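Trainee: As they're listed, the protein sequences go chains A and B.
This note's numbering numbers the first residue of the first sequence as -19 and each following residue consecutively.
This note's numbering numbers the first residue of the second sequence as -19 and each following residue consecutively.
Treat the hints as calculated values from the structure; they're not laboratory data.
Among these hints, one or two may not hold up.
On the chain B side, residues computed to face chain A include the following (Cβ under 10 Å) [as the list claims (entries may be wrong)]:
(1) Met(-19)
(2) Glu108
(3) Glu233
Here are a few chain B residues that sit away from chain A, every Cβ distance over 12 Å (derived from the structure) [said to hold, decoys possible]:
(4) Pro(-17)
(5) Val34
(6) Glu44
(7) Ala72
(8) His92
(9) Glu99
(10) Ala230
In silico negatives: residues of chain A with every beta carbon more than 12 Å from chain B [unchecked claim]:
(11) Gln14
(12) Arg30
(13) Gln80
(14) Ala129
(15) Pro161
(16) Ala176
(17) Gly213
It should be emphasised that the depicted structure is a prediction, and the values quoted were computed from it without experimental measurement.
All residues carry an ideal CB built from backbone N, CA and C; glycine is no exception.
Number of protein chains: 2
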Amino acid sequence: MDPHLLRTFVTVARHGSFSAAARELGYTQSAVSQQIAALEADLRAPLLGRRPVVPTPAGARLLEHAGPLLLRVEAARADIARLVAAPRARLAVGVSALAQSPSLAGALAQTHRQHPGAEVTLRVLPGETVSALVATGELDLGLIDGAVAPTDPLHLPDVSPLTARAVAELPLAVALPAHHPLSARTGLRLHDLSDARWLDAPAAAVPLARLRAAAAADGFRPAVGYAGADPAGLLALVAAGHGLAVLPHATAETAPGVRAVPLAAPRLVHRVELIHSGPPTGPAADLAARLVA
Amino acid sequence: MDPHLLRTFVTVARHGSFSAAARELGYTQSAVSQQIAALEADLRAPLLGRRPVVPTPAGARLLEHAGPLLLRVEAARADIARLVAAPRARLAVGVSALAQSPSLAGALAQTHRQHPGAEVTLRVLPGETVSALVATGELDLGLIDGAVAPTDPLHLPDVSPLTARAVAELPLAVALPAHHPLSARTGLRLHDLSDARWLDAPAAAVPLARLRAAAAADGFRPAVGYAGADPAGLLALVAAGHGLAVLPHATAETAPGVRAVPLAAPRLVHRVELIHSGPPTGPAADLAARLVA
DNA sequence: GCCGGTGTATCAGCGTTCCTTATCGTCGCT
DNA sequence: AGCGACGATAAGGAACGCTGATACACCGGC
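Work out the full structure, taking the sequences as your base and the hints as a guide.
Mentor: Printed below as a string of structure tokens:
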């Protein structure tokens, strides 16, 4: 189970073709064929059906393992490389959509002033991508958000020994159209809303699946799906009556035509956590210190 | 970063000796020396100081990665092997100490009756070990426990795509000596007890670190440490006034001289989850069905 | 139905990798 | 100082893994 073989396996599976994978990987088709054969011999199981080239059940299962495995290998390699390389004067920060905040912008500005030579970049990405890129060292720091019980840490995909520190914790609220019958309430229980229509916006609000899990109930019918990462667009949909959404209270309050009613039960908070692998150095250490202060 | 090289690296680090590692792995000392050299060349970093053989900072970091990485590789390999091999008439169940229950014993007995030919084994192990062995297929089913917010799943070390289902959820209680001034209360808040002495029994009760995290506070001074997995022994210490502990209410109630007062805040529950990798088959499927029913 | 095109499997050849054996250099202990 | 244990290094040979050539299966066009 050489990572090498695994890499060509996933490439072949992705392309559905030995030849195409060979081209991408810079091998001959023959080499790829032999590599797959070697992997199948090693695991004593057929992994791919040929013509068409599709994963067998065993292959499908291996694919589930391969991604995280290769990510971890990459993370380990990058981690060591970082220890060896001279600390670069750069600061790459990744944030998930709801982890952004004015205080981040402010801290980033101060850090930039403190380290004028550093090349500072800020990227908004899905939460899992932030974790993955922090693990592989493409990002120096990550800020991810999630809705969790007040006592519990965010769930990190542990591809690598990452450290996480909470930097902000905000109450959650249900975003309702201003004319909604419940919009005058001072608090809402999720259970009472399980029949409502919910906007499913995994990037811009608390995902619907999370709400179902938190309420330990089904229902929670999806209305319009929203693929953007921008809460403003989502809130416009809420205002127009397409459905409800759960967001940090401060975020939900900003849009016209939307009322934000605090989520009373279950007790969830919106927490933003700073993640990095190993102790941050240079500008990253500076920014980290400002954020947790 | 061949797993092969990684394996010899951890072996060398564990033994603190190239020669000893070579003996264990069935190689010559020369081969091990070359493998380490190859790994160091690949990562462009010295990993081990020689004479004495101790990890460098980079090596120490790599060791942190290596364990989970090799576990994942092993899990993937075992996972595929399981798909290929004929389903054996065996049922190996691992449980963490507090995940045991009379209902488990009952279900296990019924399953055994249903599958008289099957070799049934039950092993009590630390929670993480249960996850690891389920991942590598040495166990067919695992039962792990933990104290979490009612809405959140237990945290699984994701070495492998494991599926988890809750099978029991019990309230937690603080175990106090019967003569303790607070033992007559009907509920206790963790915050009010942060000055008390706490028994640290990672295997037999909710770990102290978990309580600190849940209360988001330090304090919680450790008293006697208890290395056993048996709640009865721990409760004897409680009765003797060595310190307090948090356990499932039903468990804490059983011991003489101990009062169990429900934990009112933070809101945590003791949850037992059934874990397996892939859909269970044969006797494992039977037992799983009984447990979640 | 035949034929070319596309795509995978297989084989021979060859360079590289990796292990073993043998030997040397070095450290630590007596 | 000398010995013994340990790791590094050199050389040789087996095994591995890639390329290039070729065989074989499938599909579509005519």
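Trainee: Hint by hint, say whether it matches the structure.
Mentor: Each hint tested on the structure:
no., hint, verdict
1, Met(-19), "holds (6 Å)"
2, Glu108, "violated (12 Å)"
3, Glu233, "violated (24 Å)"
4, Pro(-17), "violated (6 Å)"
5, Val34, "holds (16 Å)"
6, Glu44, "violated (5 Å)"
7, Ala72, "holds (20 Å)"
8, His92, "holds (29 Å)"
9, Glu99, "holds (24 Å)"
10, Ala230, "holds (21 Å)"
11, Gln14, "holds (18 Å)"
12, Arg30, "holds (18 Å)"
13, Gln80, "holds (24 Å)"
14, Ala129, "violated (3 Å)"
15, Pro161, "holds (26 Å)"
16, Ala176, "holds (19 Å)"
17, Gly213, "holds (28 Å)"
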